[in-house]
Structures are given as C-alpha cells and as structure tokens.
Amino acid sequence: MSKPVYDLEHHAEMAYGIGDPQCFKGKAGKPKFKEGDRVRIKDLPDIFYTRTMTYTRGAEGVVTKLVYESPAAEDEAFGNEDSPEWFYSVKFMQKDLWPEYSDNYSNDALETEFPERYLESV
Amino acid sequence: MSSSTRDEVLRHISVVGLMQPALHKQTHAPSPDEIDHTLFRAYTRTPHDVGGEPDIPIVWEEKEEEQWELNTFATCECLAWRGVWTAEERRRKQNVDVGQTQYLGLPYYGRWLLTAARILVDKQFVTLTELVNKIEEVRNRHV
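So the protein lines, in turn, are chains A and B.
Those letters in the first sequence? Residues 1 to 122, by the working numbering.
Those letters in the second sequence? Residues 1 to 143, by the working numbering.
Do not take every clue at face value.
[As the list claims (entries may be wrong)] For each label pair, taking beta carbons as the anchor points, the in silico distance ranges come out as:
# : chain 1 : residue 1 : chain 2 : residue 2 : range
1 : B       : A80       : A       : G26       : 23 to 33 Å
2 : A       : V122      : B       : K134      : 22 to 32 Å
3 : B       : G51       : A       : E120      : 16 to 26 Å
4 : B       : I135      : A       : G29       : 47 to 57 Å
5 : A       : E13       : B       : G110      : 27 to 37 Å
Source of the hints: derived by calculation from the structure; they are not laboratory data.
Glycine included, C-beta positions come from ideal geometry on N, C-alpha and C.
Work out the full structure, taking the sequences as your base and the hints as a guide.
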C-alpha cells in the first residue's frame with residue numbers, strides 16, 4: 001500500500017503575507033444575508049465536528065456584521081478548503097437562549113459567529 | 001420547527017451533562033433499542049461543545065505553564081508552519097476526536113501532545129511502530 005500524499009505547502013502559500021482568513025477574501029461569492037437581517041440558526045447534524053454551539057440552534061438573532069470569508073469548520077477540520085463561505089456575527093438576547101434567564105437582566109445579549117450554511121431567514 | 005428544535009437542544013444539553021467520565025462504572029454494550037434519538041445525539045456529540053451544560057464551579061488556580069507544556073505548544077505550531085495540519089484540524093483532533101473521557105480527563109497540554117503524535121501517525125510521517133519503539137527506548141533509558 002502506498003502512502004497518501006498531502007499538499008503541505010498549499011495553505012502556507014495561500015496565506016503567505018496576508019494571513020488567514022484574509023486569504024479567502026473574494027472567494028465566497030455573493031452573501032445571502034446582510035446586516036440587520038433576522039435569522040434563525042439551523043440544527044444541522046452535529047456528528048464528527050462543528051463549532052456551532054448547541055445552545056444557539058433553533059434560536060433567533062440579528063446579523064450585526066459580515067465578518068470574513070472562510071471554509072466552514074466542518075470542512076477545514078479535515079483539511080478541505082475548497083468551498084469558502086461567508087461568516088456572520090449574530091446577536092441573540094440571552095433570554096432567547098436560556099429559558100431560566102432572569103428578567104432582571106433582560107437586556108443582556110450574546111454575539112457569536114456562524115458560517116452561512118447555518119442561517120435561515122425568519 | 002423552531003420551538004421543537006429548542007426543546008430538543010435544551011434537552012440535549014441537560015443529557016450530555018450526565019456523561020462525565022465514570023471510572024467505576026461498567027459500561028454494557030447496549031442493544032439498538034436501548035439507544036433512542038436523545039441518547040444517540042448525546043453519545044455522538046462533539047465533546048468541546050460544553051456551553052450550557054449543568055456543572056459545578058471549578059476552582060481557579062493561578063499556575064504558570066511547565067516547560068513541557070511550552071515545548072508542546074511550540075512543537076504544534078511548527079507542525080502547522082510545515083503544513084502538517086491547520087489550526088482547525090488540530091482542534092478537531094485534540095478537542096473532539098479524543099472523546100469525552102480524555103477531553104475532560106487529561107490536562108489541556110496533555111491533549112495537545114497526544115494529538116501532535118496522533119497527526120504524525122495518521123498522516124504516516126511516522127509509523128505507530130516507530131513511535132512505540134522510540135517511547136520504549138526513552139523509557140528504558142530512564143529506568
């Protein structure tokens with residue numbers, strides 16, 4: 001059996017002098033969402049690898065910023081960088097994430113990032 | 001859709017909190033009808049996704065890194081610079097592939113070190129035979 005061949009230089013060459021995720025700039029195409037859009041986080045299957053926190057799934061929030069273009073963690077974690085997508089910063093009210101969250105702090109919010117595949121319009 | 005997803009997600013978070021490493025408990029291979037969707041999701045989850053899990057407070061201890069921990073960090077960064085893995089591949093291996101018991105049971109840099117060895121074996125930069133022989137050689141040197 002022959003050894004698998006890994007392209008070790010590929011990522012370093014791409015990111016040289018500009019960094020990551022800047023090296024994926026312009027590679028994700030047209031973004032599906034814009035600042036201010038109200039979105040819901042999809043509960044996609046979470047086997048093997050994901051960085052989309054369970055506690056955000058099914059919750060609704062507002063896009064605050066298009067942050068960068070990058071492969072989603074699900075691809076990048078296995079060395080695949082073929083399909084960069086837009087990442088969005090989404091802001092949730094804490095009360096929408098945690099049913100027992102105190103009314104005294106009903107203004108509290110939490111903001112975190114998602115690749116586009118996890119968002120759907122509300 | 002949303003409210004049933006929320007129900008499932010919150011139930012999931014409360015179930016995975018029960019899956020701490022159980023050193024003194026024997027695990028029995030379950031028959032398929034003993035694993036419903038809730039348990040399947042809990043077992044196949046990614047152990048690093050701990051947000052919201054019920055747990056007790058842990059004691060904060062101010063402690064500097066040990067030399068082997070700093071060396072481990074440098075080694076892992078060198079592997080990245082040489083293209084052996086990306087940061088996300090490293091995180092997958094050290095936070096998820098190790099499984100729940102090792103994720104919660106081993107020290108932070110212990111998982112880094114174990115994973116540095118694992119990536120080299122997985123991608124056949126060294127064979128497990130070579131690694132085992134080397135560990136054995138070093139161990140014998142120090143008896």
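*Which hints from the list above does the structure break, by number from lowest to highest?*
Violated hint: only 2; rest satisfied.
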